[in-house]
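Trainee: Sequence:
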Amino acid sequence: MAEILIVDQDRLFALTLVHVLSGHHHQSVLASDEKEVVSIIRDRNIDLILVDAELASRKSLHLLKHLRQANPDIPVVLSISKKVDKDDREQLRSGLYDYINKPFGHEELLLAVERGLERRRLQNENRQLLGDLKQRIRELSTFNTIAKTLNSTLNLKEVLDIVMGKVKELIKAEAWSILMLDEKTNELVFEVATGEKGQQVKEMRLGMGQGVAGWVAQNQRPVIVPDTAQDQRFFKGLDQKTGFRTRSIIATPLMSRGRLIGVVEIINKLGDASFEQKDLDLLQTLTDHAAIAIENARLYEKARRLAITDDLTGLYNSRHCDMFLKKALDEAVKKGQPLSLIFIDLDHMKEVDDTYGHLMGGHALKEVADRIAGEVSPPDMASRYGGDEYVIVLPGKDSRQAIELAETIRRKIEAQPFLTGHKLSCRITASIGIANYPEQAGSTDELFSKADQAMYQVKESGKNRIKLSDK
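Once you know that position 151 of the sequence shown is 151 in the working numbering, the rest is easy, because the numbers rise by one and skip nothing.
Hints in this document: simulated from the structure, not taken from any laboratory.
Check before you lean on any hint, since a few could be wrong.
[To be verified] Here are the simulated PhoX-like cross-link-like pairs (lysine-lysine), alpha carbons at most 25 Å apart as the crow flies: (1) K366 to K302; (2) K350 to K172; (3) K334 to K471; (4) K467 to K350; (5) K157 to K327; (6) K459 to K412; (7) K166 to K278; (8) K471 to K335; (9) K172 to K157; (10) K412 to K467; (11) K412 to K366; (12) K168 to K197; (13) K166 to K269; (14) K366 to K423; (15) K168 to K134; (16) K241 to K278; (17) K327 to K471; (18) K326 to K471; (19) K471 to K459; (20) K326 to K423; (21) K157 to K197; (22) K334 to K202; (23) K168 to K327; (24) K350 to K327; (25) K202 to K172; (26) K269 to K202; (27) K172 to K102; (28) K184 to K366; (29) K278 to K172; (30) K168 to K202; (31) K327 to K302; (32) K166 to K134; (33) K471 to K350; (34) K236 to K197; (35) K184 to K202.
[Said to hold, decoys possible] Between beta-carbon pairs, the in silico distance windows are: (36) E108 to E169: 15 to 25 Å; (37) G374 to D231: 38 to 48 Å; (38) D33 to A229: 50 to 60 Å.
Since we're looking at a predicted model, the values are computed, not measured.
Where a beta carbon is used, it is the ideal one built from N, C-alpha and C, also for glycine.
Given these sequences and hints, build the entire structure.
Mentor: As structure tokens, this is what we get:
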């Protein structure tokens with residue numbers, strides 16, 4: 001049903017037009033002057049305007065000009081009287097879509113109205129097509145930018161941030177998450193989570209098949225959930241923990257070379273609107289680009305970690321320790337801050353190897369590393385430096401702090417026997433030397449040398465102690 005505005009000072013004639021148009025399922029609204037016309041156009045969705053040119057020609061011209069300025073898309077049909085002179089008639093034509101001469105019959109009126117409404121329909125379709133085309137161009141431009149940007153980095157965090165940023169650009173919603181598959185536990189971990197409660201869910205885990213994301217991962221299929229209250233797959237636990245209210249969800253698996261690596265989930269489209277298939281299509285196209293980049297970044301991160309990690313203990317290796325120490329000392333010198341180095345050498349490891357074999361000796365070294373790692377957190381760094389030696393670098397920490405940590409680690413190593421999980425029992429202790437910048441050393445070589453000397457002094461004086469290097 002179209003809504004038609006009739007502008008005519010002849011009330012009776014206008015009502016006749018209303019009657020004719022209503023018989024063909026059109027709704028009409030009446031106006032008799034320019035002020036009423038402007039108000040109606042502003043407040044209502046008018047599809048076509050019928051204007052009587054007998055409102056003095058000059059006034060009609062002014063009205064038509066105003067209509068064109070207010071809304072140029074509304075077709076105007078003018079009923080022209082013979083009283084309108086030829087020059088004005090031509091000017092009126094130039095501002096109209098169509099006109100009919102008075103007097104006119106019902107069929108002539110309806111034909112002019114239908115032509116105008118058809119034009120209106122085509123205008124709307126063209127506008128929609130143009131809008132869709134512009135949106136598609138924006139999307140293609142975004143995907144092109146994504147591809148270029150993702151190819152510019154192998155840093156996993158940067159890749160995930162890029163992906164999430166582009167998701168937010170393309171699909172307006174309250175919250176977005178990227179969950180990565182932990183292959184060791186077969187769980188989904190919230191790696192990136194944005195929105196009001198994003199920080200609260202970060203690093204939370206979902207089991208395979210748990211919640212909508214778990215279902216998507218298990219079935220490796222995308223999904224639209226328009227109403228979580230009506231969907232049994234929805235897991236309420238996260239909302240209960242965070243106080244967030246999840247109304248609707250779209251989610252799609254992240255697949256690389258046919259293998260699941262994670263899930264992207266978007267929650268609550270803005271404006272209380274429902275997610276549509278086109279939203280899911282956009283998300284899938286984006287994740288197709290993203291999955292390859294994420295997998296490449298993960299492989300790079302894994303290779304990088306392997307290059308700096310000790311295979312046996314999982315601590316950093318000596319190569320990384322040397323690089324870390326150099327960088328940390330440069331920073332300490334620049335900022336005028338202290339830096340400490342703890343050098344640990346295990347006592348009695350030869351007896352462990354001789355008694356239980358090198359395989360069990362390796363297990364013991366790993367257990368020692370676990371006890372050390374349990375006491376060290378960033379920005380500090382622990383490494384296995386070689387054999388049964390461990391080095392801890394403490395940026396920003398003075399001698400007193402280094403002594404406290406070293407004593408805690410020494411006691412922890414001494415406190416409990418090792419290899420009990422293998423139904424064996426052996427005691428291991430540690431001799432520990434400490435050196436500090438700027439108190440005892442001014443370079444990386446001096447730090448190692450001083451800490452090493454202090455450790456050997458402990459060995460010579462009975463072992464299982466700590467010693468701060470002499471100045």
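Trainee: Does each hint hold? Answer for all of them.
Mentor: Hints, one by one, checked against the model:
The hinted pair formed by K366 and K302 meets the criterion: a straight-line CA distance of about 20 Å does not exceed 25 Å. Annotation: proposed proximity of K350 to K172 is violated, straight-line Cα distance about 64 Å (limit 25 Å). Of the supplied pair hints, the one linking K334 and K471 holds, its CA atoms being roughly 22 Å apart against a limit of 25 Å. For a cut-off of 25 Å, the pair hint linking K467 to K350 stands: about 23 Å separates their Cα positions.
Pair hint K157 plus K327 holds up; C-alpha atoms about 22 Å apart against a cutoff of 25 Å. In summary, the hint linking K459 to K412 is supported, as the alpha carbons are separated by about 19 Å, within the 25 Å threshold. Note on K166 and K278: the hinted pairing holds, with a Cα-Cα distance of about 16 Å set against a maximum of 25 Å. Under the criterion of a C-alpha separation no larger than 25 Å, the hint pairing K471 with K335 is consistent with the structure, at around 22 Å.
Between K172 and K157 the alpha-carbon distance is near 22 Å, which keeps this suggested pair within the 25 Å criterion. Straight-line distance between C-alpha atoms of K412 and K467 comes to about 17 Å, which keeps the hinted pair within the 25 Å bound. Only pairs whose Cα atoms come within 25 Å are accepted, and K412 paired with K366 is accepted, the gap being roughly 14 Å. For the hint pairing K168 with K197, the CA-to-CA distance comes to about 16 Å; that is within 25 Å, so the pair holds.
In summary, the hint linking K166 to K269 is supported, as the alpha carbons are separated by about 15 Å, within the 25 Å threshold. Between the alpha carbons of K366 and K423 the distance comes to roughly 16 Å, so the proposed pair stays at or under 25 Å and holds. Restraint check for K168 and K134: the C-alpha separation of about 18 Å stays at or below 25 Å, so the hint holds. For the hint pairing K241 with K278, the CA-to-CA distance comes to about 31 Å; that exceeds 25 Å, so the pair is violated.
A C-alpha spacing of about 23 Å is found between K327 and K471, which places the hinted pair at or below 25 Å, so the restraint holds. Taken as a hint, the K326 and K471 pair is honoured in the structure, with Cα atoms around 21 Å apart against an allowance of 25 Å. Using a Cα cut-off of 25 Å, the hinted pair K471 and K459 holds, with the two alpha carbons roughly 19 Å apart. Distance check on the hinted pair: K326 and K423 sit about 42 Å apart at the alpha-carbon level, beyond 25 Å; violated.
About 20 Å separates the Cα atoms of K157 and K197, which keeps this hinted pair within 25 Å; it holds. For the hint linking K334 to K202, the alpha-carbon distance of about 35 Å lies beyond 25 Å, and the restraint is violated. Proposed proximity of K168 and K327 is contradicted: the alpha carbons are some 37 Å apart, above 25 Å. In summary, the hint linking K350 to K327 is not supported, as the alpha carbons are separated by about 34 Å, beyond the 25 Å threshold.
In summary, the hint linking K202 to K172 is supported, as the alpha carbons are separated by about 21 Å, within the 25 Å threshold. Using a Cα cut-off of 25 Å, the hinted pair K269 and K202 holds, with the two alpha carbons roughly 21 Å apart. About 53 Å separates the Cα atoms of K172 and K102, which puts this hinted pair outside 25 Å; it is violated. Only pairs whose Cα atoms come within 25 Å are accepted, and K184 paired with K366 is accepted, the gap being roughly 19 Å.
Of the supplied pair hints, the one linking K278 and K172 holds, its CA atoms being roughly 13 Å apart against a limit of 25 Å. Between the alpha carbons of K168 and K202 the distance comes to roughly 17 Å, so the proposed pair stays at or under 25 Å and holds. As the CA atoms of K327 and K302 are separated by approximately 22 Å, the hinted pair is consistent with the 25 Å bound. In summary, the hint linking K166 to K134 is supported, as the alpha carbons are separated by about 17 Å, within the 25 Å threshold.
This hinted pair does not check out: K471 and K350 have alpha carbons roughly 32 Å apart, beyond 25 Å. Taking the CA atoms of K236 and K197, the gap is near 14 Å; set against the 25 Å cutoff, the hint holds. About 19 Å separates the Cα atoms of K184 and K202, which keeps this hinted pair within 25 Å; it holds. The beta-carbon spacing between E108 and E169, approximately 52 Å, falls outside the hinted interval of 15 to 25 Å.
A hinted range of 38 to 48 Å holds for the C-beta pair G374 and D231, which are about 42 Å apart. A beta carbon spacing of about 52 Å between D33 and A229 agrees with the range 50 to 60 Å that was offered as a hint.
Of the numbered hints stated above, those contradicted by the structure are hints 2, 16, 20, 22, 23, 24, 27, 33 and 36, listed in ascending order.
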